[in-house]
Every structure is written in structure tokens, then in C-alpha cells.
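Chains as they are written, first to last, in UniProt numbering: chain A, 1 to 452; chain B, 1 to 463.
Don't read these hints as lab results, they were simulated from the structure. A portion of the hints provided could be inaccurate.
Derived coverage of chain B by chain A (criterion: at least 3 residues anywhere in the stretch with Cβ under 8 Å from a Cβ of chain A; other residues may be distant) [said to hold, decoys possible]:
hint : segment
1    : 9 to 22
2    : 52 to 58
3    : 176 to 186
4    : 391 to 403
Below, a list of computed lysine-lysine pairs in the PhoX-like style, where the Cα atoms sit at most 25 Å apart [what the hints assert, rightly or not]:
hint : chain 1 : residue 1 : chain 2 : residue 2
5    : B       : Lys229    : B       : Lys214
6    : A       : Lys6      : B       : Lys214
7    : B       : Lys300    : A       : Lys26
8    : A       : Lys6      : B       : Lys123
9    : B       : Lys410    : A       : Lys6
10   : A       : Lys427    : A       : Lys311
11   : B       : Lys170    : B       : Lys3
12   : A       : Lys289    : A       : Lys165
13   : A       : Lys413    : B       : Lys3
14   : A       : Lys6      : B       : Lys98
15   : A       : Lys351    : A       : Lys249
16   : B       : Lys291    : A       : Lys413
17   : B       : Lys250    : A       : Lys6
18   : B       : Lys3      : A       : Lys204
Cβ coordinates follow ideal geometry from the N, Cα and C atoms, glycine included.
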Amino acid sequence: MERLIKERNTQIHTIGSSEHDLACEKKSTAGSVSQRACVFCGSRVVLYPIADALHLIHGPIGCAAYTWDIRGAMSSGPQLHRLSFSTDLREKDVVFGGEPKLKKALTELIESYNPKAAFVYSTCIVGVIGDDVDAVCREVSKEQGIDVIPVMAEGFKGTKKDGYKAACDALSTLVGTDDDYQAPEYSINILGDFNLAGELWILKDYYERIGVNIITCLTGDGRINEIRKCHKASLNVVQCSGSMMHLAKEMKEKYGIPFKKVSYFGIEDMSEALYEVASFFKNDEMLNKARTLVSNEIQELIPALEPYKQKLTGKKAAIYVGGAFKAISLVKALRLLGMETAVVGSQTGNKDDYNLLTKLCDAGTVIVDDSNPNELSEFVKEKGVDLFIGGVKERPIAYKLGLGFCDHNHERKEALAGYEGMLNFAKEVYASVCSPVWQFFNRPSSSTTENE
Amino acid sequence: MDKLPRLKDIRPFVSTRNACKLCSPLGASIALKGIEGCVPVIHGSQGCATYIRRYMISHYKEPVDIASSNFSEETTIFGGAENLKVALGNVIGQYKPKAVGVATTCLSETIGEDVALMLKHIKSLTNEEEWPDLFTVSTPSYQGTHMDGFHATILQMVKTYAKDNTPNDKVNVLPNLVSPADIRHLKEIFADCGLDATILPDYSDTLDNGAWDKYYRVPKGGTSIKDIKLSGGAKATFEMGEFTKVSVGKNNSGNLSAAAWLEKEHGVTNHQTILPIGVKATDTLFENIGKVSGYEMPDKYESQRARLLDSYADGHKYVFGKKAIVYGEEDLVLGICAFLDEIGVEVILAASGANNNLTERLKHYCPSNAETIKVMSDSDFEQINEQAHELNPDFIVGNSKGYYIARDLKIPIVRVGFPIHDRLGGQRIKHIGYEGTQELFDRIVNSLIEYKQDNSPIGYKYI
């Protein structure tokens, strides 16, 4: 297969035939049309679900416009996060400095919308024009009596992953600021669920049924005052480990709270998560409740999945998502439906994730880090897949090639977590792969790429 | 779940709340996708390219490949020449494009990058024969809106390639930011009227492809650079829109649109109209076409016009006196308002995120309601939302981002323009010509009828 960009060879691995290890956590190659966004994007997606905070984007208008109401992150109460605020810097601000505008904007917005705290995202040019965002935040915080937290998110200062860290740094200024709270026994925090399509509420229900209390979720359906007291938890349960690991590690160091990495996607991983938490608390009753819950759910789910499995067995899938941990769960979930994963990759996976994937997948599977449309279209053709799982940017690649596509990104509107999520997933995979519309498409084979 | 917060008192803000505009590299990217074999490169951070791709993909439902020079901290300190060189090498290697257009960003402009000079230098290091056409447009996102980036790109294209004015038989058509379906309709009109039109930019195929038999790294279609080179010797230019002057970016002190530049530099007569939406504006376009072609309007369009008038008669009662809010790009707002004015809809608010003198032009093109239209320039969706709750419109017309306002007011939204992120077929909405007006008129009338029917205690099955 033509790899197109030589520098990227080390980031592509075929199980069983590649000699090198997969390289990852690198900056994207210029001109490669990476599917990644930037530091700002990483911080924005992580903090976005905090619903009672003001999110002000300091910079020219683009960054705010493209991230207005983009995630399906639901809030049970306030909806302030769904408004997109920007200082909308103009030429004169760039020449004379954006601090006065930032101060005015923050003040007027806090006075008008009464948020519980404000996050101020610095975009690319803020540092370049020399704005002291920290100072403005401190000043306004003092005047308004709420936390005003700078998020250092200049797009060029790393990758999307560095944005996750910037978001964790911002969150960490809030954690521990309410020390009066007394947590009930068996209290945990959920880290790295963003309540897409209400998934957190599904998980909450499971945890409550086995007797576990959730202090807060970072950041799905997030609230500032819950974050302040989340250092009182006995355990941090971390999903989407790429985005929240910094904070989990920091809370372990600072407050001695252990953490566990879990995934809520697919029967295996969901059940494993509940067992892990129950085992952590060394409480037999809880463990029994978890066993009952899992067995009840599975008894209902397995027969419900069967008709889909019959239709899907033997079909092949390609996966390209943001975080590799999610990809691991997807491989397992697809297996449960009888499907094999032929291509799997992510924007921001690390060595551990990719090693796990290499162990998990069959020989011949292509594993790829920080891919791009040309590579992805080549891989899916080469492997002759029937389904592509990804986000908005991957969707047209699949459809142009006449392949089924499942959205597993943050814009989706269907809950895919937990047992009911698994059923939704099966339904969606079935609708994507088995639609009669594909009969009209000639799926291109690998020899047919137009490249003139 | 609470409702979306909305302020009850209307007051000015220095901040922008839910922008009713996009940044100028996005406009440049759309225009560049309309050049044959062109891959856009955005000179800035990776996120700029990715966000713009995502935004365009969600509307056009097509692969939209835009490369980035992917600035790092070092790039920002030492300059982007090396990154740009690597980016171009990779883009050219991967895509084998016919042309590469480099749009700048707030970041590269703020650190003072001279991309034109860099391109010259990069090209001098290579075997020129093998490289595609390279050009750049200055699109700092702290100036203007996406429309400024769009028009600046077209101006830059003609400035770069229209070097002489040896007469040829072609005409230039500058249709503004319209849909791929609109562009296809314009091509049909000009062809039927016997004119060989160069549409600039023509993304009717590149951003609205059919199903593929193989994967095209660079989608087929677009205006060829060969044709752009001929634009200086064209018989005439048909420019649609009144807010096409370019005053943003480097070296644009002339404050000229591409059409005006072609007229000034090469003497190509510019027939400027507003967007041809509605009978009056489309009549003007056909009159102008007639002046250049020397022919009468073809029968096909006489029939389309007659059918449109017939439907105006059938539907006039449903729209007369209805109050509308129109928002979006300044030229789209002007075109839609002029059309609504001629069918008896009262536009009570015309809003744009652009900072232009919309008021005066609206008054000129909306004679029936000239005195009562409230105009907001440099506005945002929250200002529109707050006004909407004061003004009680019967419906709103604009892109899909205003949906939440219509939802809250429980009134219809008629989706037009860009982006349409919550419906299928945004790229196929036709707005212009008699045919586009027909579709728009039917949709407006039917939205109002549906609203009445849904809210009626009886729910008649006939109207």
C-alpha cells in the first residue's frame, strides 16, 4: 500500500507484519490533513459540559463560532454552557492589546448571566499580542466575587492532548475549595464522561443500584460547586483516560485518592467497571448487587442482540476515533456482534493503548495514529470493510466509498454507554451495514484511487 | 432541564454572544474549493483547518480536505516558512493538485508572515515545472467575516492570474456565496442564453459530488486557472451582491471587488445586481444578460417566470402582512429582504454579523417596508434572539444556527444559506433565479400554512 507521507510510516502498524513499534504522541506533520484539532479544542471539549459556568473565548471570532453548542453534552439543569461567548477581537484590539475588551466582556457577561464561575480560554494570538489574561482574570474575580479561571489554550502550543492538560489544570484550581462537605460512604467521582446523549444518567442509575454515591462527574452535567468538593471521594473512576488522567494523577498525589481506568462501552467493559468499583470498596453486599445487576441486564440484552448478531457476523469494521481507549472498547463490542476489526486508529492514543490494541486485534489489522483522509480511505479499501466508526470528518469518506458509518464522536445524539447503549449500538451498526441503499454502490477496491 | 438563558433587558455588549458570522479563512476555504484541482492550505494552527473542515463537512456532506501548516511554539517565534515548505511538499505529494491556495490566519498575520514571498522562495528551490500553481490570500480572522475572506480570495485569484485583456468570448460570473445547486442553475441560465460563463468560484461539483466509483483525493470540478487567466479579456462580468468590496487583508487598500478590479484594470464591464432572488432581481439579471448576449430571454425562463407569477397569485394571501426576521450574510439578507418585500412580507428585522452599511441598501431594495425595517449590523444571535422576543415575528429566515430562536418562539424557520447543519440537503437548496425563488416561495408559504394548520383547533385537510 502506498503510504503517501514517508514521515508517517512509523505511525502505521500492521499486526504480524510490521517490524517497528507504533510511534505516537507526536505533533502532526504539516500538510498531512490530520483529523486532529488543536490545544484549544482539547480544553474546550473537556470543560464545555460544565453547565453553570461562563465559557468566554478570548480571541477573534472563529474559535467561538466553530465550538458553539457542538457537543451533545446534556445538562439536567442550567444551559449556560450552550451559549458561545467571545471577545471577538478586531484589528485595533490586536494592535493595542485585548485586555480592556476582555475585562469589559467578562464583567458584562458575569453581571448579566450570574455564572458560578468563568473559564477564559486564550486562543492563538492572545499570547502573541501580549495580553496578561491571568491578571485580568484575577482582577475581575476580585470585583465579581466568583472564580475566573484562565485556560491556557493557545492552539499552536502542542496538540489536542495538551489542551486536555490545560483543562485539567483549570479544573484543579476548583478541586478542594469546599472542604466543609462530608461525603457519604462509598463515594466516587466519575472522570471523563461528558454526558453525551444523557449517558451519565444511565451510569448513575447503575452505580446507585449497587450502592455507590457519585459526588461529581468531570465534566458531564458538571456543576462548579460539585467540583469544589470532589476531593472528598474515596475513588476516581476514569473513563476516556486520555483527557482526565492528569487530574486523576494529581488528585492521587494531592488528596491520596486512588483511581481506576474503566470503560462503559460494551457488555464486558461495563460489567468490569461495576465489579472493579465494588471490589475496591471490599463490600460483599455491593459486589452481590453488582453481580445481580449485571446478570439481570445481560439476560435481557443477549437475546435482544441476537438478531443483529446474526445479520452482522463476519462483517468487517474500521475504527478511527479521538481516544484509543474508546477504540479498545469498540473492538470488543464489535466482536460481541460477530464483527472483526480490520483497521483501528485514534487521534491521541498513547503507547499503552496501542499495545493493548495490538494484543487484542487479529493479525493483519492495521493500527494507525493521527491518520488523515487519504490514509483512511486507502486502509478501508485495502481491507474491504463494511463499516466505518468515527466522527463527522470521517463520515463522508465512508459514504463516498459506499460504506456504512456509525458516529461515535461527541456530536452523536444516541446513548452508547452501558447495557442499553450496547443495544442502541447494535441497532445503529445494523442500520448502517445492512441498509439496502448500498446495493447501488460499487465499492471501490484498493486499485482504484484517482490521484491526478 | 432549564431553558436556554435569555436576557430580558436589551442592552449593548462588547462581547459577541453566539456569533452570526464565521472567520475569514473559512470563506477563503469555500472559495478555494471552487478552483479546479485546488487544495487549500491554512497557514496557522492545526485547529483552524480542522474546525473549518468540520463546519463545511456538516453542511456540504462531502469530504473537505484542507491542509494546515500546523504551527508550533517554535513556528510562532521563528516564523512559518519551514512549516509551510513541509506542508506544501506533503500536500503536493499526497494530492497531486493543480493548484494550492494558502490562506493566512490571525496567528500568521499577527506575527507578520509574508506568505507571498515565502511561496516565491519555496518555488525557487524546486523544479518549477512539476509544481502546481501556488498563490496566497491574506485572511486575518480579526478583520471582517467569512464573506470578506471569500471575496478577498476571488480578488486575489483574478489579480494573480488575469494578466492581460486580449478579448475572448467568455463572460465572468461572480455569484457570491450561494449553494452548489444555485451555481448549477446559473450555469444552465448562462448556457441557455448563449454565453460561455466562467463561474468564480465554481464549487457546484467539488462541494456537491455524486456517489463515487473510486476515491478522489481532489474532487473533480471547479473553475480552471486557465479560465481565470481569460477573465481580463471577457466580454462582461456579472457580479451578484453589493457587499463584495475587499478592504481586509494585506495590499487591499483599493477597496475593490474582483469585478470592480477587472473593470478598472482590464475594462471588463461589470453588470452588478443583488443576489437574483425574486422576480425583480431576476428580471434585472436577465436584462443584463440580454445586453451582453443580444438575445431575448429564452422561452424556458419566460415559462419559469410565468409559473412563479402564477404561484404568487395562488399564495399571496398567506404571506401578506406577515412579519419576518432575516439574518445572515449581508448580501443574502439583502437579496431575501428584497424578495420578501415584493411578495408583501413585512421584514421587521434584518440582521447581519458583518459591519456594513446594510440600512441604506435595504431601503433602496425594499420600497414597501423601507421605513419600518430595523437593521442590525455587527450583530450576533443573542441580539437577534432578544429582539425577536420583543418584535414577535411570524417566521424567521436564515441559516440553521437560528433554529433555537424559532423553537423558543414556536414559529417556523425557513432555512436558507450557509450553514444548514440540522437538515439534509443544505447544499441543494436553490435560492436564485425564477426557479430558486419558486422553491423559496413555496417553502415560505407552506411553512406558514403548516403553522396555521398545526395550531388550528380543526386542522382542515384543504386550504
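Checked hints:
Check result for the segment 9 to 22 of chain B against chain A: holds, 9 residues qualifying (beta carbon to beta carbon below 8 Å, three or more required). A stretch counts as covered by a chain when three or more of its residues have a beta carbon under 8 Å from one of that chain; for the segment 52 to 58 of chain B and chain A the count is 6, and the coverage holds. With 0 residues having a beta carbon nearer than 8 Å to a beta carbon of chain A, the segment 176 to 186 of chain B misses the requirement of three or more and the stated coverage is violated. A stretch counts as covered by a chain when three or more of its residues have a beta carbon under 8 Å from one of that chain; for the segment 391 to 403 of chain B and chain A the count is 1, and the coverage is violated.
A distance of roughly 31 Å separates the Cα atoms of B:Lys229 and B:Lys214; the hinted pair therefore is violated under the 25 Å criterion. At roughly 24 Å between alpha-carbon atoms, A:Lys6 and B:Lys214 fall within 25 Å of each other, so this suggested pair holds. Note on B:Lys300 and A:Lys26: the hinted pairing is violated, with a Cα-Cα distance of about 59 Å set against a maximum of 25 Å. Taking the CA atoms of A:Lys6 and B:Lys123, the gap is near 21 Å; set against the 25 Å cutoff, the hint holds.
Taking the CA atoms of B:Lys410 and A:Lys6, the gap is about 55 Å. The hint is violated against a cut of 25 Å. Distance hint between A:Lys427 and A:Lys311 is fulfilled; the C-alpha atoms sit about 11 Å from each other, no more than 25 Å. Between B:Lys170 and B:Lys3 the alpha-carbon distance is near 55 Å, which puts this suggested pair outside the 25 Å criterion. As the CA atoms of A:Lys289 and A:Lys165 are separated by approximately 36 Å, the hinted pair breaks the 25 Å bound.
Distance restraint check for A:Lys413 and B:Lys3: the Cα-Cα separation of roughly 19 Å lies within the 25 Å cut-off, and the hinted pair is therefore satisfied. Restraint check: the Cα-Cα separation between A:Lys6 and B:Lys98 comes to about 22 Å, which is no more than 25 Å; the hinted pair holds. The hinted pair formed by A:Lys351 and A:Lys249 meets the criterion: a straight-line CA distance of about 18 Å does not exceed 25 Å. Between B:Lys291 and A:Lys413, the direct Cα distance comes to roughly 53 Å. Violation of the 25 Å bound is thereby established for this hinted pair.
Using a Cα cut-off of 25 Å, the hinted pair B:Lys250 and A:Lys6 is violated, with the two alpha carbons roughly 35 Å apart. Proximity of B:Lys3 to A:Lys204 is assessed by CA-CA distance (about 23 Å); at most 25 Å being required, the pair is judged to hold.
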